[in-house]
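These are the residues of each chain, in order.
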Amino acid sequence: MRIRLVRSARRCGNGCPRSGGVWWKLVLGSGARGDSPQMPSHPHLATSEWTLDYPPFFAWFEYALSHVAKYFDQEMLNIHNLNYSSSRTLLFQRFSVIFTDALFVYAVHECCKCIDGKKAGKELTEKPKFILSVLLLWNFGLLIVDHIHFQYNGFLFGLMLLSIARLFQKRHMEGALLFAVLLHFKHIYLYVAPAYGIYLLRSYCFTANKPDGSIRWNSFSFIRLISLGLIVFLVSALSLGPFLALNQLPQVLSRLFPFKRGLCHAYWAPNFWALYNALDKVLSVIGLELKLLDPNKIPKASMTSGLVQQFQHTVLPSVTPLATLICTLMAILPSVFCLWFKPQGPRGFLRCLILCALSSFLFGWHVHEKAILLAVLPMSLLSVGKAGDASIFLILTTTGHYSLFPLLFTAPELPIKILLMLLFTIYSISSLKTLFRKEKTLFNWMETFYLLGLAPLEIFCEFVFPFTSWKLKYPFIPLLLTSVYCAVGITYAWFRLYVSVLTDPPVGKTKKQ
Amino acid sequence: MEKWHLMTIVVLIGLTVRWTVSLNSYSGAGKPPMFGDYEAQRHWQEITFNLPVKQWYFNSSDNNLQYWGLDYPPLTAYHSLLCAYVAKFINPDWIELHSSRGYESQAHKLFMRTTVFIADLLIYIPAVVLYCCCLKEISTKKKIANALCILLYPGLILIDYGHFQYNSVSLGFALWGVLGLSCDWDLLGSLAFCLAINYKQMELYHSLPFFCFLLGKCFKKGLKGKGFVLLIKLACTVVASFILCWLPFFTEREQTLQVLRRLFPVDRGLFEDKVANIWCSFSVFLKIKDILPHHIQIIISFCFTFLSLLPACIKLTLQPSPKGFRFTLVSCALSFFLFSFQVHEKSILLVSLPVCLVLSEIPFMSTWFLLVSTFSMLPLLLKDELLMPSVVTTMAFFIACAISFSIFEKTSEEELHLKSFSISLRKYLPCFTFLPRIIQYLFLISVITMVLLTLITVTLEPPQKLPDLFSVLICFVSCLNFLFFLVYFNIIIMWDFKNGRNQKKIN
Numbered sequence: 001m002r003i004r005l006v007r008s009a010r011r012c013g014n015g016c017p018r019s020g021g022v023w024w025k026l027v028l029g030s031g032a033r034g035d036s037p038q039m040p041s042h043p044h045l046a047t048s049e050w051t052l053d054y055p056p057f058f059a060w061f062e063y064a065l066s067h068v069a070k071y072f073d074q075e076m077l078n079i080h081n082l083n084y085s086s087s088r089t090l091l092f093q094r095f096s097v098i099f100t101d102a103l104f105v106y107a108v109h110e111c112c113k114c115i116d117g118k119k120a121g122k123e124l125t126e127k128p129k130f131i132l133s134v135l136l137l138w139n140f141g142l143l144i145v146d147h148i149h150f151q152y153n154g155f156l157f158g159l160m161l162l163s164i165a166r167l168f169q170k171r172h173m174e175g176a177l178l179f180a181v182l183l184h185f186k187h188i189y190l191y192v193a194p195a196y197g198i199y200l201l202r203s204y205c206f207t208a209n210k211p212d213g214s215i216r217w218n219s220f221s222f223i224r225l226i227s228l229g230l231i232v233f234l235v236s237a238l239s240l241g242p243f244l245a246l247n248q249l250p251q252v253l254s255r256l257f258p259f260k261r262g263l264c265h266a267y268w269a270p271n272f273w274a275l276y277n278a279l280d281k282v283l284s285v286i287g288l289e290l291k292l293l294d295p296n297k298i299p300k301a302s303m304t305s306g307l308v309q310q311f312q313h314t315v316l317p318s319v320t321p322l323a324t325l326i327c328t329l330m331a332i333l334p335s336v337f338c339l340w341f342k343p344q345g346p347r348g349f350l351r352c353l354i355l356c357a358l359s360s361f362l363f364g365w366h367v368h369e370k371a372i373l374l375a376v377l378p379m380s381l382l383s384v385g386k387a388g389d390a391s392i393f394l395i396l397t398t399t400g401h402y403s404l405f406p407l408l409f410t411a412p413e414l415p416i417k418i419l420l421m422l423l424f425t426i427y428s429i430s431s432l433k434t435l436f437r438k439e440k441t442l443f444n445w446m447e448t449f450y451l452l453g454l455a456p457l458e459i460f461c462e463f464v465f466p467f468t469s470w471k472l473k474y475p476f477i478p479l480l481l482t483s484v485y486c487a488v489g490i491t492y493a494w495f496r497l498y499v500s501v502l503t504d505p506p507v508g509k510t511k512k513q
Numbered sequence: 001m002e003k004w005h006l007m008t009i010v011v012l013i014g015l016t017v018r019w020t021v022s023l024n025s026y027s028g029a030g031k032p033p034m035f036g037d038y039e040a041q042r043h044w045q046e047i048t049f050n051l052p053v054k055q056w057y058f059n060s061s062d063n064n065l066q067y068w069g070l071d072y073p074p075l076t077a078y079h080s081l082l083c084a085y086v087a088k089f090i091n092p093d094w095i096e097l098h099s100s101r102g103y104e105s106q107a108h109k110l111f112m113r114t115t116v117f118i119a120d121l122l123i124y125i126p127a128v129v130l131y132c133c134c135l136k137e138i139s140t141k142k143k144i145a146n147a148l149c150i151l152l153y154p155g156l157i158l159i160d161y162g163h164f165q166y167n168s169v170s171l172g173f174a175l176w177g178v179l180g181l182s183c184d185w186d187l188l189g190s191l192a193f194c195l196a197i198n199y200k201q202m203e204l205y206h207s208l209p210f211f212c213f214l215l216g217k218c219f220k221k222g223l224k225g226k227g228f229v230l231l232i233k234l235a236c237t238v239v240a241s242f243i244l245c246w247l248p249f250f251t252e253r254e255q256t257l258q259v260l261r262r263l264f265p266v267d268r269g270l271f272e273d274k275v276a277n278i279w280c281s282f283s284v285f286l287k288i289k290d291i292l293p294h295h296i297q298i299i300i301s302f303c304f305t306f307l308s309l310l311p312a313c314i315k316l317t318l319q320p321s322p323k324g325f326r327f328t329l330v331s332c333a334l335s336f337f338l339f340s341f342q343v344h345e346k347s348i349l350l351v352s353l354p355v356c357l358v359l360s361e362i363p364f365m366s367t368w369f370l371l372v373s374t375f376s377m378l379p380l381l382l383k384d385e386l387l388m389p390s391v392v393t394t395m396a397f398f399i400a401c402a403i404s405f406s407i408f409e410k411t412s413e414e415e416l417h418l419k420s421f422s423i424s425l426r427k428y429l430p431c432f433t434f435l436p437r438i439i440q441y442l443f444l445i446s447v448i449t450m451v452l453l454t455l456i457t458v459t460l461e462p463p464q465k466l467p468d469l470f471s472v473l474i475c476f477v478s479c480l481n482f483l484f485f486l487v488y489f490n491i492i493i494m495w496d497f498k499n500g501r502n503q504k505k506i507n
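Protein sequences, first through last, are from chains A and B. Residue 47 in UniProt numbering sits at position 47 of the first sequence; the count goes up by one each step and never skips. Residue 500 in UniProt numbering sits at position 500 of the second sequence; the count goes up by one each step and never skips.
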């Protein structure tokens with residue numbers, strides 16, 4: 001376990017949005033020096049591109065960090081020092097990530113206790129617990145996003161995995177509390193809130209099932225419902241209360257849900273809308289060639305230039321936030337219904353959670369490609385259980401991780417991301433293959449072909465394309481190709497997971513809780 | 001899991017660690033006018049590309065030998081020339097004669113680091129993988145763990161990818177040589193070793209064991225028959241490879257002599273800077289450099305070196321075996337390091353490589369030695385601002401070794417290969433049964449001292465009157481450790497191999 005921490009300590013020197021994390025400390029650091037922390041209405045907020053857009057608990061977390069930061073480098077807390085960086089700042093930031101990752105390590109430990117080791121071989125390295133801990137601790141996506149790109153996701157995913165583990169261990173109240181706290185740290189976890197809500201309602205508030213697995217209405221327990229509601233209410237009050245009192249709630253909400261941003265992030269996350277955008281672009285190019293479209297009416301803005309922008313479609317109908325919400329809800333509904341009508345205990349909850357996360361990723365508004373980790377990490381827990389799940393996990397994880405490549409675009413980082421990706425992919429495929437060697441092969445020929453196709457794609461995008469003449473005319477092609485190719489894989493994994501959830505037979509025996 | 005998957009993962013881990021370390025600073029970064037080894041390597045590319053071969057080793061208006069003149073054998077020069085061609089293709093400014101002095105940029109750093117990476121990948125890493133696969137009498141898992149530990153050795157990674165040098169090339173060739181000799185491919189092995197010597201003349205530290213081992217093999221085969229044929233073949237191989245490498249410099253006598261003068265600077269004295277060998281440590285008490293005349297210094301160091309390595313070499317000649325060969329490599333290289341003249345602290349890598357090779361046989365002592373060897377280079381690493389990578393890689397290496405070999409459980413007499421020695425000793429001192437206990441205590445003291453000295457050097461300022469206090473202390477402590485290891489390895493060679501074949505192999 002320690003080796004992971006030790007390794008991430010070495011990642012020094014990278015100019016990515018780490019300044020974002022620093023900026024928040026500036027705002028809150030002004031509180032550390034005795035000024036009152038004035039939040040979203042501060043005039044400086046409009047001036048910087050890295051603005052506070054996470055819920056209040058995260059703000060308090062950064063506030064706490066800023067108090068420690070002043071011992072490292074006082075200058076980074078000066079609110080006028082935008083884009084400030086020094087080696088001590090970097091050191092402090094990186095150590096803070098490693099320190100908070102302790103929670104993630106603990107959560108992994110708890111998760112490993114929840115899976116059974118019936119398929120275990122005699123070797124330590126072939127036990128499912130060991131494989132799971134490696135898959136989680138050395139997850140390529142998490143390493144890249146947290147330790148190189150820089151965020152605090154390890155800590156947050158630790159909270160999520162811990163809440164899942166608590167639900168597996170039938171400690172529902174703790175699980176609910178942890179999830180409520182997590183929501184107020186980063187509101188992206190709203191994606192999976194339906195799964196939590198329905199599962200807790202169905203399997204915790206209704207204390208028993210009929211013998212065939214369907215709901216027994218008279219076993220409803222008001223006490224449990226009230227206690228869950230109380231937990232959520234108290235946590236929300238703690239977090240949003242101060243802003244309600246200051247009359248700043250609308251401002252907070254508008255910063256948390258910025259619908260002014262475009263359908264896609266600067267680099268398209270590999271979701272359904274990436275395919276939609278690509279189709280639109282292809283059709284518009286064809287239309288221009290065949291003189292069916294008027295060139296003057298087409299906006300010249302390139303969609304993937306690197307900063308967040310608005311975007312309108314040319315051929316296909318434009319997509320509004322409401323449309324994406326409806327699509328997401330429609331995609332989530334079948335899995336939620338399954339969770340309600342065919343409860344299969346914590347395992348069913350986990351599948352529903354993953355499907356919620358994936359569906360929101362595929363159809364959400366302004367999805368960041370990092371959101372794929374929301375689905376990949378919980379999926380690791382399923383992957384060491386069944387061969388079918390392992391196969392879906394490998395496809396999802398390999399394409400998901402590959403789609404994170406554009407996050408690291410400088411030349412010194414290129415060997416690192418390729419080496420780490422190879423390491424994780426080879427390890428995950430070979431260890432899962434060994435674990436399930438007695439069952440059928442994990443991939444059919446089509447899937448193998450698709451996964452192997454990632455290598456030529458990478459070679460083309462990073463090594464061939466920069467030296468061709470297309471680089472100036474169509475600079476977005478590598479990003480477009482990457483997101484479209486990965487979108488295919490992720491959609492396929494989502495589809496296969498849905499099929500396996502819908503066609504699974506319901507659990508026969510009742511579970512008294 | 002299949003063996004090749006695991007080995008690939010181990011190699012990938014090694015490569016990742018190497019590249020991550022290379023993101024750090026290099027020697028002489030941003031320190032005009034002389035900069036450091038990084039600038040030296042760049043300068044050699046400039047010299048070899050722009051000047052004709054005849055002028056590479058001579059002082060001239062275009063080639064100022066005072067500013068990082070070439071002082072490695074011709075193979076290094078050819079390698080620099082190759083890199084220079086690539087540099088010319090990417091950006092000719094990097095090797096422009098005169099005007100590229102002190103050139104520093106991110107792109108150039110990336111290029112230089114890539115050259116080290118490729119050289120490592122082509123020469124050193126395959127040798128390590130093949131060596132571990134050819135180890136006899138241990139399980140597959142242990143072989144792979146062995147490969148992991150060797151690839152994670154911090155000293156080589158920090159010097160090659162941090163400080164900036166190409167030690168992996170010469171050490172890789174030497175390793176191919178060891179591999180060849182152990183598998184009875186004598187000619188290929190000696191060819192590889194000749195290439196190693198022609199890349200860096202410090203590989204001569206390893207030359208005596210090679211010579212004695214091959215001589216012993218010839219004797220065993222009988223000097224009247226096959227042995228004599230083998231001897232002739234080996235001599236021809238060595239001579240041919242030397243001629244091939246030195247061809248441009250054999251045309252004139254003056255060329256050859258000048259190259260030799262650059263390779264062996266006998267005018268420079270017993271030692272330079274702080275190094276963890278006997279002479280530097282002894283000069284704390286008595287300034288030998290100032291007292292004795294020059295030629296006496298050379299004679300004394302010569303005598304001490306050869307006296308300390310003679311027993312092991314004679315034994316190897318009389319009883320050649322791959323195991324004895326490896327241990328003799330260790331003890332010879334260590335003798336040279338401790339007693340020879342003009343030794344640099346980086347030369348400890350020449351001892352570390354053979355110790356890595358015996359990692360599977362005496363894991364506890366080898367791990368201890370490799371930790372001390374990295375520690376002995378601490379002043380150099382601190383100067384290059386490599387504190388964080390060195391601490392992290394050392395910890396990673398220690399954890400990897402401790403887990404792979406369970407070193408703390410393997411400290412009995414038999415596992416330390418000291419059984420025969422203890423038995424002989426007990427003939428005179430019947431109660432002497434606590435040798436492993438002593439060694440464990442010594443290990444603890446050594447580690448604590450190293451950690452303390454590291455902390456002190458990093459946090460405190462040295463007193464005004466003794467600005468080099470900490471470096472000297474580090475060298476002194478390391479030297480004591482190395483002396484202990486010299487005694488230990490010589491004991492193993494002299495005592496253990498008497499009954500080598502009868503003992504049960506422990507793994």
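Simulated from the structure, these hints should not be mistaken for lab results. Take the hints with a grain of salt, since some may be wrong.
[Said to hold, decoys possible] Listed next, the in silico SDA-like pairs over lysine to any residue satisfying Cα-Cα at most 20 Å (straight line):
1. A/LYS127 - B/GLU2
2. B/LYS141 - A/LYS473
3. B/LYS109 - A/PHE463
4. B/LYS142 - A/GLU123
5. B/LYS142 - A/PRO412
6. A/LYS127 - B/LYS383
7. A/LYS127 - B/ILE9
8. A/LYS170 - A/GLU123
9. A/LYS127 - B/LYS3
10. B/LYS31 - B/LYS136
11. B/LYS3 - A/SER430
12. B/LYS141 - A/ARG88
13. A/LYS433 - B/LYS383
14. B/LYS3 - A/ILE426
15. B/LYS141 - A/GLU123
16. B/LYS383 - A/ILE426
17. B/LYS109 - A/LEU408
18. A/LYS433 - A/PRO412
19. B/LYS3 - A/LYS473
20. B/LYS383 - B/THR256
21. B/LYS3 - A/LYS471
22. A/LYS433 - B/GLU2
23. A/LYS433 - B/SER404
24. A/LYS433 - B/LYS3
25. A/LYS438 - B/LYS383
26. B/LYS383 - A/SER87
27. A/LYS473 - A/GLU174
28. B/LYS141 - A/LEU283
29. B/LYS3 - A/LYS342
30. B/LYS141 - A/PRO412
31. B/LYS3 - A/PHE130
32. B/LYS31 - A/GLU123
33. B/LYS109 - A/ALA331
34. B/LYS109 - A/THR100
35. B/LYS383 - B/GLY102
Evaluated hints:
1. With a C-alpha separation of about 15 Å, the suggested pair A/LYS127 and B/GLU2 falls inside the 20 Å cut-off, and the hint holds.
2. Distance hint between B/LYS141 and A/LYS473 is unfulfilled; the C-alpha atoms sit about 52 Å from each other, more than 20 Å.
3. The hinted pair formed by B/LYS109 and A/PHE463 meets the criterion: a straight-line CA distance of about 19 Å does not exceed 20 Å.
4. Restraint check for B/LYS142 and A/GLU123: satisfied, since their Cα atoms lie roughly 13 Å apart, inside the 20 Å limit.
5. In summary, the hint linking B/LYS142 to A/PRO412 is not supported, as the alpha carbons are separated by about 33 Å, beyond the 20 Å threshold.
6. As the CA atoms of A/LYS127 and B/LYS383 are separated by approximately 45 Å, the hinted pair breaks the 20 Å bound.
7. For the suggested pair A/LYS127 and B/ILE9, the alpha carbons sit about 18 Å apart, so the restraint of at most 20 Å is met.
8. For the given pair, A/LYS170 sits about 30 Å from A/GLU123 by alpha-carbon distance, which is inconsistent with the 20 Å threshold.
9. The straight-line distance between the Cα atoms of A/LYS127 and B/LYS3 is roughly 17 Å, inside the 20 Å bound, and the hint therefore holds.
10. For the given pair, B/LYS31 sits about 49 Å from B/LYS136 by alpha-carbon distance, which is inconsistent with the 20 Å threshold.
11. Among the hinted pairs, B/LYS3 with A/SER430 is consistent with the structure: their alpha-carbon atoms are about 11 Å apart, no more than 20 Å.
12. Under the criterion of a C-alpha separation no larger than 20 Å, the hint pairing B/LYS141 with A/ARG88 is inconsistent with the structure, at around 41 Å.
13. In summary, the hint linking A/LYS433 to B/LYS383 is not supported, as the alpha carbons are separated by about 47 Å, beyond the 20 Å threshold.
14. Distance restraint check for B/LYS3 and A/ILE426: the Cα-Cα separation of roughly 13 Å lies within the 20 Å cut-off, and the hinted pair is therefore satisfied.
15. A threshold of 20 Å between alpha carbons decides the hint, and for B/LYS141 with A/GLU123 the separation of about 11 Å falls inside it, so the pair holds.
16. Restraint check for B/LYS383 and A/ILE426: the C-alpha separation of about 38 Å exceeds 20 Å, so the hint is violated.
17. The suggested pairing of B/LYS109 with A/LEU408 holds, with an alpha-carbon distance near 19 Å, which does not exceed 20 Å.
18. As the CA atoms of A/LYS433 and A/PRO412 are separated by approximately 33 Å, the hinted pair breaks the 20 Å bound.
19. Distance hint between B/LYS3 and A/LYS473 is unfulfilled; the C-alpha atoms sit about 47 Å from each other, more than 20 Å.
20. At most 20 Å may separate the alpha-carbon atoms for a hinted pair to count; B/LYS383 and B/THR256 exceed this at roughly 35 Å.
21. A threshold of 20 Å between alpha carbons decides the hint, and for B/LYS3 with A/LYS471 the separation of about 42 Å lies outside it, so the pair is violated.
22. For a cut-off of 20 Å, the pair hint linking A/LYS433 to B/GLU2 stands: about 10 Å separates their Cα positions.
23. In summary, the hint linking A/LYS433 to B/SER404 is not supported, as the alpha carbons are separated by about 24 Å, beyond the 20 Å threshold.
24. Between A/LYS433 and B/LYS3 the CA atoms are separated by roughly 14 Å; this keeps the pair inside 20 Å, and the hint holds.
25. This hinted pair does not check out: A/LYS438 and B/LYS383 have alpha carbons roughly 56 Å apart, beyond 20 Å.
26. Between B/LYS383 and A/SER87 the alpha-carbon distance is near 17 Å, which keeps this suggested pair within the 20 Å criterion.
27. The suggested pairing of A/LYS473 with A/GLU174 is violated, with an alpha-carbon distance near 55 Å, which exceeds 20 Å.
28. As the CA atoms of B/LYS141 and A/LEU283 are separated by approximately 56 Å, the hinted pair breaks the 20 Å bound.
29. Taken as a hint, the B/LYS3 and A/LYS342 pair is broken in the structure, with Cα atoms around 43 Å apart against an allowance of 20 Å.
30. Straight-line distance between C-alpha atoms of B/LYS141 and A/PRO412 comes to about 33 Å, which puts the hinted pair past the 20 Å bound.
31. For a cut-off of 20 Å, the pair hint linking B/LYS3 to A/PHE130 stands: about 18 Å separates their Cα positions.
32. For the hint pairing B/LYS31 with A/GLU123, the CA-to-CA distance comes to about 52 Å; that exceeds 20 Å, so the pair is violated.
33. Distance hint between B/LYS109 and A/ALA331 is unfulfilled; the C-alpha atoms sit about 50 Å from each other, more than 20 Å.
34. This hinted pair does not check out: B/LYS109 and A/THR100 have alpha carbons roughly 33 Å apart, beyond 20 Å.
35. Taking the CA atoms of B/LYS383 and B/GLY102, the gap is about 18 Å. The hint holds against a cut of 20 Å.
In summary, the numbered hints that this structure violates are 2, 5, 6, 8, 10, 12, 13, 16, 18, 19, 20, 21, 23, 25, 27, 28, 29, 30, 32, 33 and 34.
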